[in-house]
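Just need the whole structure built from these sequences, with the hints factored in.
Next come the chains, spelled out residue by residue.
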Amino acid sequence: MHETSIVNSIMRTLEQEFEIEKLNRLKAIHLKVGILSNIEPRLLHNAYSAYHITNPGYHHVEMHIESTSLKIHCEFCDYITDVEKYRFICNQCGKPSKNVIQGEEMLIHKVEFED
Amino acid sequence: MQCENTNINLLKANDFVADIIKKEMANKGTLLINITSSAGSGKTTLMQKTAEKLKDKITMAVMVGDLETERDADRIRETGIQALQIVTGGICHLEAQMVHQVLDQFDLASIDLLFIENVGNLVCPSSFDLGEDYRVTLMATTEGDDKPKKYPKMFLTSDMMLVSKADLLPYVPFSVEAVTKDAREVNHELEVLQISALSEEGVDEWCEWLLAKIKQKKDNA
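Line order of the protein sequences matches chains Z and C.
Residue 89 in the working numbering sits at position 89 of the first sequence; the count goes up by one each step and never skips.
Residue 187 in the working numbering sits at position 187 of the second sequence; the count goes up by one each step and never skips.
To be clear, the hints were calculated from the coordinates, so they are not data collected in a lab.
Even for Gly, the Cβ is constructed at its ideal location relative to N, Cα and C.
Possibly wrong hints are sitting among the right ones.
As the list claims (entries may be wrong) - Label pairs and their calculated CB-CB ranges: (1) Tyr134/C <-> His60/Z: 43 to 49 Å; (2) Lys85/Z <-> Val176/C: 16 to 22 Å; (3) Glu19/Z <-> Gly89/C: 44 to 50 Å; (4) Glu21/Z <-> Lys215/C: 50 to 56 Å; (5) Lys27/Z <-> Thr59/C: 53 to 59 Å; (6) Pro56/Z <-> His188/C: 35 to 41 Å; (7) Tyr58/Z <-> Tyr171/C: 34 to 40 Å; (8) Glu208/C <-> Pro56/Z: 54 to 60 Å; (9) Tyr58/Z <-> Asn9/C: 19 to 25 Å; (10) His100/C <-> Arg87/Z: 43 to 49 Å; (11) Ala50/Z <-> His188/C: 36 to 42 Å; (12) Pro56/Z <-> Asp19/C: 32 to 38 Å; (13) Glu40/Z <-> Ser175/C: 51 to 57 Å.
As the list claims (entries may be wrong) - Below, a list of computed lysine-lysine pairs in the DSS-like style, where the Cα atoms sit at most 27 Å apart: (14) Lys71/Z <-> Lys149/C; (15) Lys85/Z <-> Lys57/C; (16) Lys28/C <-> Lys55/C; (17) Lys217/C <-> Lys98/Z; (18) Lys55/C <-> Lys23/C; (19) Lys149/C <-> Lys98/Z; (20) Lys22/C <-> Lys12/C.
In structure tokens, the structure reads:
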């Protein structure tokens with residue numbers, strides 16, 4: 001259900017951002033989703049396929065999903081840590097941090113149009 | 001071929017509505033709290049107990065999201081406060097739009113504290129900002145103490161974790177210490193309180209926390 005909501009939200013957002021004439025030339029949508037976004041790429045692809053049943057106009061538009069890993073930036077020592085096992089703790093100075101710089105994204109990163 | 005870098009948030013539509021709710025709440029000075037948890041961890045019972053304790057001191061109301069039925073709203077109304085059911089019809093979380101649609105059914109100017117009792121689910125509700133001031137997540141002792149690392153986003157985005165059904169601690173293999181350690185590894189700013197709506201352990205602290213936040217909100221309005 002969650003993925004269905006997200007696909008609807010993506011398509012609604014694109015329809016608000018771009019003119020119909022341009023959307024008719026839409027070729028591909030590139031998403032960037034972080035590991036913390038609770039979006040499972042495989043399920044999102046399935047939800048997108050299901051979306052085409054009721055919205056056949058977009059059936060030729062590809063969806064590409066890039067997953068990003070989790071990184072935090074330490075405010076104290078400036079170090080960037082790859083978070084493992086959801087320990088939000090700086091690997092250099094050992095201080096905890098909530099300053100997530102990558103891994104929370106849910107972005108429509110890029111869109112491609114036919115000429 | 002043309003290519004445009006957009007970097008638009010997938011939940012832009014939701015966040016836009018969440019901001020509207022936030023502004024409305026700030027104008028009216030109403031504290032908005034989003035209550036999340038797994039299904040069956042005691043959210044509605046906590047709402048009933050909170051209403052019982054606070055209804056003579058403040059005006060409180062609840063909107064409650066479920067896939068089906070009015071049961072939770074009925075239970076909360078029995079305590080004498082206004083409660084409104086949002087039936088999501090199968091959707092596993094509340095979105096800002098659903099909250100905004102029913103907001104005009106409340107006389108916000110006279111309400112000090114509005115709870116949103118979210119759909120019982122530790123996954124999807126974590127992604128949707130509802131314009132709340134605070135997110136409070138219940139973690140029942142009957143669920144097992146391994147949840148914060150299994151559902152990190154919810155605990156990362158919460159302000160407080162209530163370890164609920166604390167009266168059952170002598171009977172279940174649940175370590176408050178372990179759950180607190182895991183939750184704080186995810187979110188070191190998370191406040192943790194042990195609570196039981198049945199034995200009333202922690203209920204006074206919970207109510208004091210709410211009253212302090214209500215005062216803060218009024219002072220800033």
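Comparing the hints with the structure gives:
| no. | hint | in the structure |
| --- | --- | --- |
| 1 | Tyr134/C <-> His60/Z: 43 to 49 Å | holds (45 Å) |
| 2 | Lys85/Z <-> Val176/C: 16 to 22 Å | holds (21 Å) |
| 3 | Glu19/Z <-> Gly89/C: 44 to 50 Å | violated (33 Å) |
| 4 | Glu21/Z <-> Lys215/C: 50 to 56 Å | holds (54 Å) |
| 5 | Lys27/Z <-> Thr59/C: 53 to 59 Å | holds (54 Å) |
| 6 | Pro56/Z <-> His188/C: 35 to 41 Å | violated (49 Å) |
| 7 | Tyr58/Z <-> Tyr171/C: 34 to 40 Å | violated (54 Å) |
| 8 | Glu208/C <-> Pro56/Z: 54 to 60 Å | holds (57 Å) |
| 9 | Tyr58/Z <-> Asn9/C: 19 to 25 Å | holds (20 Å) |
| 10 | His100/C <-> Arg87/Z: 43 to 49 Å | violated (37 Å) |
| 11 | Ala50/Z <-> His188/C: 36 to 42 Å | holds (40 Å) |
| 12 | Pro56/Z <-> Asp19/C: 32 to 38 Å | holds (34 Å) |
| 13 | Glu40/Z <-> Ser175/C: 51 to 57 Å | violated (30 Å) |
| 14 | Lys71/Z <-> Lys149/C | holds (16 Å) |
| 15 | Lys85/Z <-> Lys57/C | violated (44 Å) |
| 16 | Lys28/C <-> Lys55/C | holds (19 Å) |
| 17 | Lys217/C <-> Lys98/Z | holds (24 Å) |
| 18 | Lys55/C <-> Lys23/C | holds (25 Å) |
| 19 | Lys149/C <-> Lys98/Z | holds (15 Å) |
| 20 | Lys22/C <-> Lys12/C | holds (15 Å) |
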